[in-house]
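K.L.:
Same order as they appear, the protein sequences are chains A and B. Quick note on this note's numbering: the first sequence kicks off at 6 and runs consecutively. Quick note on this note's numbering: the second sequence kicks off at 6 and runs consecutively.
Each hint should be verified, as a subset may be incorrect.
Identical chains blur together in the list; that is why a pair holds if it fits in one copy or across any two.
Pairs of lysine to aspartate or glutamate, EDC-like flavour, derived with a Cα cap of 16 Å [to be verified]:
1) 68 <-> 228
2) 68 <-> 233
3) 280 <-> 267
4) 280 <-> 75
5) 280 <-> 239
6) 68 <-> 242
7) 68 <-> 239
These are calculated hints, taken from the structure and not from any lab test. Since this is a predicted model, take the numbers as computed values, not measurements.
Now for the letters of each chain:
Protein chains: 2
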Amino acid sequence: MTELVDDLLDGDHRALARTISLIEDRTPGYRDLVSQLHEHTGHADVIGITGSPGAGKSTLVDKMAEAYRDRGLTVGVIAIDPSSPFTGGAILGDRIRMQEHALDDGVFIRSMATRGHLGGLALATPQAVRVLDAAGFPWVLVETVGVGQVEVEIVGAADTTVVVVNPGWGDAVQANKAGLMEIADVFVINKADRPGAAETRRDLDAMLDLTAAVEGWRPPIVDVVATEGTGIAELWDTIGAHRAHLESTGELGRRRGQRAREELTRIVAERLLMKARRSSEGDRFDALLDRVEARSIDPWTAADELLDR
Amino acid sequence: MTELVDDLLDGDHRALARTISLIEDRTPGYRDLVSQLHEHTGHADVIGITGSPGAGKSTLVDKMAEAYRDRGLTVGVIAIDPSSPFTGGAILGDRIRMQEHALDDGVFIRSMATRGHLGGLALATPQAVRVLDAAGFPWVLVETVGVGQVEVEIVGAADTTVVVVNPGWGDAVQANKAGLMEIADVFVINKADRPGAAETRRDLDAMLDLTAAVEGWRPPIVDVVATEGTGIAELWDTIGAHRAHLESTGELGRRRGQRAREELTRIVAERLLMKARRSSEGDRFDALLDRVEARSIDPWTAADELLDR
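Produce the entire structure from the sequences given, and follow the hints as far as they go.
P.N.:
Given below as structure tokens:
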């Protein structure tokens with residue numbers, strides 16, 4: 006285990022992949038592993054990338070990673086795929102290929118499935134980010150679809166959150182509907198060479214006019230054609246400007262403090278949930294459940310009885 | 006409060022709306038209210054409707070409700086919108102209009118936002134379903150976007166789960182990717198008058214060939230054009246056939262037992278989470294948090310210290 010930690014701190018990709026698998030599978034000992042990494046974290050900039058399915062997030066993230074790799078910098082990517090563990094393998098094929106290609110190139114891409122995580126994605130993601138942080142990646146991109154309660158919370162916890170929309174199709178309205186206006190620090194109009202890009206920009210601007218700027222930051226809108234690499238450099242510059250803004254206003258420390266508070270609360274809650282799960286295996290739980298199903302007791306009263314013990 | 010329960014059991018729509026608001030807002034006393042309703046529940050068929058954003062779920066659900074209303078039957082709908090509480094109002098306008106229209110017509114439609122629920126959507130949804138069940142709706146439709154960990158779990162907990170896809174666009178593959186193949190009891194190809202419907206049916210069939218039938222049920226595929234009302238009657242018949250299958254095999258009781266177990270576990274966990282939240286307000290939590298942020302202790306060890314007390 007110490008060897009694994011040493012390899013990981015050296016940035017070894019195989020050690021990285023293995024550690025994240027241990028976290029995903031909740032292999033006994035994973036917790037000590039992540040504990041050991043904690044003191045080596047806190048250096049990475051965490052950038053969340055979100056948007057509706059089909060917005061071109063994967064391509065955008067790949068191009069962002071490539072752009073930095075070309076400059077000799079390293080980037081880690083956690084891609085949260087709305088796939089089941091059962092079917093994930095085949096679908097993720099293209100990302101896995103990219104990962105193989107990137108093995109020695111300073112880019113590490115790891116997909117995590119949204120389902121099948123004991124304790125949930127909300128807990129597994131910050132752990133995976135911590136692993137990449139400890140391995141020395143100065144930038145960690147977290148890519149997740151911007152639909153779903155947990156998924157929006159996760160991406161909103163980044164230092165900088167990028168919301169990706171497409172021209173036309175009412176995408177700006179969808180983003181608003183999904184609560185993404187409130188977490189966006191930067192907007193990307195991807196596929197900006199298609200008709201409707203100007204209207205989408207106008208829609209976003211109109212919605213931003215209705216939203217109070219947070220600490221003097223109005224989210225910029227960047228036109229991108231990810232498939233051709235257009236606008237990627239400007240996007241990185243904009244992310245850099247946001248980062249500088251966060252530092253100058255003290256907002257970075259506030260966000261990270263909030264994130265640490267959220268995570269500690271989640272860990273405490275998860276410990277307690279495990280306790281609840283254990284109690285749910287007991288005869289007492291089953292007896293109360295029978296009474297709930299027979300409608301002789303409601304589940305809230307049953308929970309009270311269970312916890313009073 | 007007793008008056009509210011009486012009105013609700015009589016099927017009064019205003020009492021229904023008020024009760025669900027009390028649940029959403031966690032108004033003190035909501036829990037007693039839901040407890041009192043428990044003995045009146047267990048009669049409704051719960052049907053989950055899911056699919057990617059833009060698949061036409063809202064229109065489908067409205068047409069399904071209309072079809073039953075035309076036959077003098079009553080239907081309750083819980084529509085889970087990926088909207089924030091902040092922006093929800095305006096966006097939900099069309100659904101609210103439909104609800105007003107339906108006030109005296111045996112259809113009750115209620116939208117719930119995915120964000121801002123204390124304790125989360127996973128707990129609020131079964132409570133809202135229970136309210137409609139107690140109010141005497143024989144069918145309760147739960148509509149949610151099929152992306153997101155919590156959202157897929159919620160819809161998968163229905164008696165019958167309907168997955169909506171569109172022709173072309175790789176929708177069948179997306180459904181597979183989102184883990185919807187595993188929870189689907191019925192597939193709807195909506196907008197089936199568009200090109201590519203036959204290919205989508207073929208894709209779904211091919212994927213179903215790879216999936217083991219659950220208790221002898223292979224999910225049927227129904228062609229629908231929701232905007233024109235085409236295929237709605239066949240869809241209801243198919244849902245009825247699945248229901249009959251669930252009853253004849255004893256699967257209905259098994260699913261409901263599993264649902265009750267899940268809910269009781271969640272309630273116990275939520276109680277414990279509230280305990281964790283309270284502890285997170287204490288000085289001791291803050292002191293440990295400071296040490297986590299200073300990297301002198303990792304969050305798991307901090308949680309242990311907090312819980313050992």
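K.L.:
Please sort residue 68 with residue 239 into within, between, both or neither, judging by C-alpha distance up to 16 Å.
P.N.:
This pair counts as within: shortest intra-copy Cα distance 12 Å, inter-copy 46 Å.
K.L.:
When no copy is specified for residue 280 and residue 75, does a C-alpha distance of 16 Å or less occur within a copy, between copies, both, or neither?
P.N.:
neither (49 Å within a copy, 50 Å between copies)
K.L.:
With 16 Å as the alpha-carbon cut-off, assign the pair residue 68 and residue 228 to within, between, both or neither.
P.N.:
within (14 Å within a copy, 39 Å between copies)
K.L.:
Indicate which option fits the pair residue 68, residue 242 if close means a Cα-Cα distance not exceeding 16 Å: within, between, both or neither.
P.N.:
within (14 Å within a copy, 48 Å between copies)
K.L.:
Tell me, please, which holds for residue 280 and residue 239 at an alpha-carbon limit of 16 Å: within, between, both or neither?
P.N.:
Cα proximity of residue 280 and residue 239: none, with 49 Å in one copy and 46 Å across.
K.L.:
Using 16 Å as the alpha-carbon threshold, which applies to residue 280 and residue 267: within, between, both, or neither?
P.N.:
between (20 Å within a copy, 15 Å between copies)
K.L.:
Classify it for me, residue 68 with residue 233: is the Cα-Cα distance of at most 16 Å met within a copy, between copies, both or neither?
P.N.:
Intra 9 Å, inter 43 Å, cutoff 16 Å: intra-copy only.
Of the numbered hints given earlier, the model fails hints 4, 5; all others are met.
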